[in-house]
Amino acid sequence: VATDSPYWNPKTETLDRERLEALQLAKLRRQGEWAAARSPWYRRRFTEERFDPGQLRTLADLRRIPLLTRDDWMASQEANPPYGEIPVIAGQDAIRIHTTSGTTGRGPLRALDSRKDWAWIAEMWCYAIWGCGIRPVDTAYIAFGYGSFIGFWGLHYAMEKVGVLNVPGGAQSTEARVLQIADFGATVLAATPTYAIRLAQEAERLDIDLRGSSVKRLVLSGEPAGSIPQTKALIEELWGAKAFDTAGMTEIGTIMVFECAQQPGGTHIIEDHVIEEVLDPDTLVPMAYGERGERVVTSFGRGSTPLLRYRTGDLVCRVPASTCDCGRGFDIYEGGILGRVDDMKLIRGTNVYPRAIEAIVREFPEVEEFQTVISHEGIRDEVTLRVEMAPDWPSESWEQLHDSLHRRLSHAHEGLNFRIERVGAGELPRFELKARRMIDMRETPVAGVK
Amino acid sequence: VTVDLLGSELSPSEVRLLAVYEELKALCAEDLPPNAHAGVRASLALMHNVVTGLALEYEHLTDLGA
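If you're matching them up, the sequences are chains A and B in order. Heads up, the first sequence is in the working numbering, so the first residue is 1 and it goes up one at a time. Heads up, the second sequence is in the working numbering, so the first residue is 451 and it goes up one at a time.
These are computed hints drawn from the structure, not numbers from a lab. Backbone N, C-alpha and C fix where the C-beta goes; we use that ideal spot for every residue, glycine too. Fair warning: there could be bad hints in the mix.
As the list claims (entries may be wrong) - Derived EDC-like pairs (lysine to aspartate or glutamate); straight-line CA-CA distance at most 20 Å:
#1 A/Lys11 to B/Glu459
#2 A/Lys242 to A/Asp93
#3 A/Lys242 to A/Glu204
#4 A/Lys434 to A/Glu251
#5 A/Lys434 to A/Asp342
#6 A/Lys11 to B/Asp454
#7 A/Lys11 to B/Glu509
#8 A/Lys242 to A/Glu334
#9 A/Lys345 to A/Glu382
#10 B/Lys475 to A/Asp93
#11 A/Lys216 to A/Glu78
#12 A/Lys216 to A/Glu236
#13 A/Lys11 to A/Glu21
#14 A/Lys11 to B/Glu507
#15 A/Lys216 to A/Glu237
Stated by the list, open to error - A short list of chain B residues far from chain A (calculated; beta carbon distances all over 10 Å):
#16 Thr452
#17 Leu468
#18 Pro484
Make the full structure from the sequences, and use the hints.
Right under this line is the structure:
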């Protein structure tokens with residue numbers, strides 16, 4: 001085995017742009033034909049939009065394909081339960097089903113996969129774990145609940161495929177997981193950024209020195225925080241290890257971006273398996289390199305549930321592959337997934353992003369957990385940062401911390417006044433997956449009012 | 451097939467990998483005992499990763515039960 005190769009798939013990872021796009025076009029034509037021939041939903045939409053896969057002569061013709069939204073998918077599921085008309089197979093022909101976590105008032109998206117699709121899901125994770133330097137000699141601890149949420153399932157199989165000794169850390173308390181990480185001598189940890197911090201806090205409580213442990217790499221996924229520099233620096237400091245960001249989604253089934261060993265400040269797009277467009281979310285015009293826009297993904301992986309031009313709602317900023325010196329031809333999302341297109345909050349005329357708040361709060365490692373609450377009081381909106389301090393933190397330092405947080409947040413938000421409120425130990429929610437630290441009370445309906 | 455999806459000549463190893471893949475596909479048409487039936491499809495799924503990854507072939511295997 002060429003373990004000295006920095007690339008999982010050297011042939012395609014090092015293609016120049018012209019050849020990479022030629023490969024994408026070849027696959028796009030076949031995937032378009034497949035969807036038109038086999039998926040009732042795509043067949044109908046293509047007919048409605050007078051699109052025929054034969055029109056795909058250049059990669060720019062991709063934009064002739066109608067967009068798919070989450071609402072489209074949900075509506076199809078609701079009209080034709082349980083799976084809708086996007087899948088090309090019936091449930092009994094699949095080997096696996098996973099769901100999204102669901103949105104208020106609506107059920108989750110259900111995604112069916114065949115045997116081949118599941119092999120591909122693991123294969124995509126292999127690009128990431130090999131690319132950040134994980135090898136068969138490693139021992140990986142997967143701190144994940146192994147439920148119907150797809151999460152790190154693909155990573156688990158990828159670790160096995162690479163030949164890594166895998167420790168599945170499902171259905172356990174945080175304390176038990178910390179003890180197992182130390183006991184098994186794990187060299188790799190996979191977790192969400194939030195949970196990586198939570199594990200480190202628990203280790204400190206148990207008086208276990210993670211910095212001196214055998215863990216050398218962390219694979220992060222599930223939240224944008226893996227590419228927030230301050231959060232990443234905190235995680236690397238707590239663990240004494242390198243942290244590598246990845247991102248994926250249930251709708252694709254796996255990850256589509258990963259951070260290579262060079263840690264270029266962003267994540268490479270696995271472009272031999274997906275086409276990623278960055279569009280203005282309002283006009284749907286393609287954005288240039290360096291401009292922020294919404295991710296729209298076309299995947300070549302799943303045959304059972306084809307995904308063509310899916311609007312993800314993720315906010316990204318794409319830059320050329322040459323931004324990184326790893327030698328890959330895959331372009332990069334600078335700063336990873338920056339957030340959601342719709343997660344910006346407008347408070348008294350000022351734009352407030354969860355990512356920007358987290359970046360500041362993580363500069364203060366004595367803050368163990370935090371939550372941002374936006375409310376409407378009287379005639380105006382208010383924003384409150386609720387913070388929970390580390391247990392051994394001296395209370396007499398509160399005033400200084402309060403002032404520092406207030407000043408930093410206000411300075412970063414055009415002078416907007418953030419209330420800073422200290423809460424008691426254990427008062428704020430803890431998260432294993434997909435932390436939700438911003439609560440907008442303005443959106444909460446009054447009880448009893450429909 | 452003598453060239454990949456990019457029009458490049460196949461290497462000797464790629465020719466052999468593609469042959470294994472095609473043989474597994476052909477075996478899916480055979481009436482095999484359950485252990486062989488499942489094993490062939492599991493192997494085919496993994497070989498699909500190889501030939502797709504190396505840009506030798508690109509297709510879906512739904513009709514073969516994989």
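Verification of the supplied hints:
This hinted pair checks out: A/Lys11 and B/Glu459 have alpha carbons roughly 13 Å apart, not beyond 20 Å. Of the supplied pair hints, the one linking A/Lys242 and A/Asp93 is violated, its CA atoms being roughly 41 Å apart against a limit of 20 Å. With a CA separation close to 19 Å, the supplied pair A/Lys242 and A/Glu204 stays within the 20 Å bound. For the given pair, A/Lys434 sits about 16 Å from A/Glu251 by alpha-carbon distance, which is consistent with the 20 Å threshold.
About 16 Å separates the Cα atoms of A/Lys434 and A/Asp342, which keeps this hinted pair within 20 Å; it holds. Only pairs whose Cα atoms come within 20 Å are accepted, and A/Lys11 paired with B/Asp454 is accepted, the gap being roughly 11 Å. Restraint check: the Cα-Cα separation between A/Lys11 and B/Glu509 comes to about 19 Å, which is no more than 20 Å; the hinted pair holds. Between A/Lys242 and A/Glu334 the alpha-carbon distance is near 18 Å, which keeps this suggested pair within the 20 Å criterion.
Of the supplied pair hints, the one linking A/Lys345 and A/Glu382 holds, its CA atoms being roughly 12 Å apart against a limit of 20 Å. Taking the CA atoms of B/Lys475 and A/Asp93, the gap is near 17 Å; set against the 20 Å cutoff, the hint holds. With a C-alpha separation of about 46 Å, the suggested pairing of A/Lys216 with A/Glu78 is violated against the 20 Å cut-off. Note on A/Lys216 and A/Glu236: the hinted pairing holds, with a Cα-Cα distance of about 10 Å set against a maximum of 20 Å.
The suggested pairing of A/Lys11 with A/Glu21 holds, with an alpha-carbon distance near 14 Å, which does not exceed 20 Å. Note on A/Lys11 and B/Glu507: the hinted pairing holds, with a Cα-Cα distance of about 14 Å set against a maximum of 20 Å. With a CA separation close to 12 Å, the supplied pair A/Lys216 and A/Glu237 stays within the 20 Å bound. Every CB of chain A lies more than 10 Å from the CB of B/Thr452, the least distance being 16 Å, so the non-interface label holds.
With a minimum CB-CB distance of about 14 Å to chain A, B/Leu468 clears the 10 Å threshold, and the non-interface call stands. In this structure B/Pro484 is separated from chain A by more than 10 Å, as the shortest Cβ-Cβ distance comes to about 15 Å.
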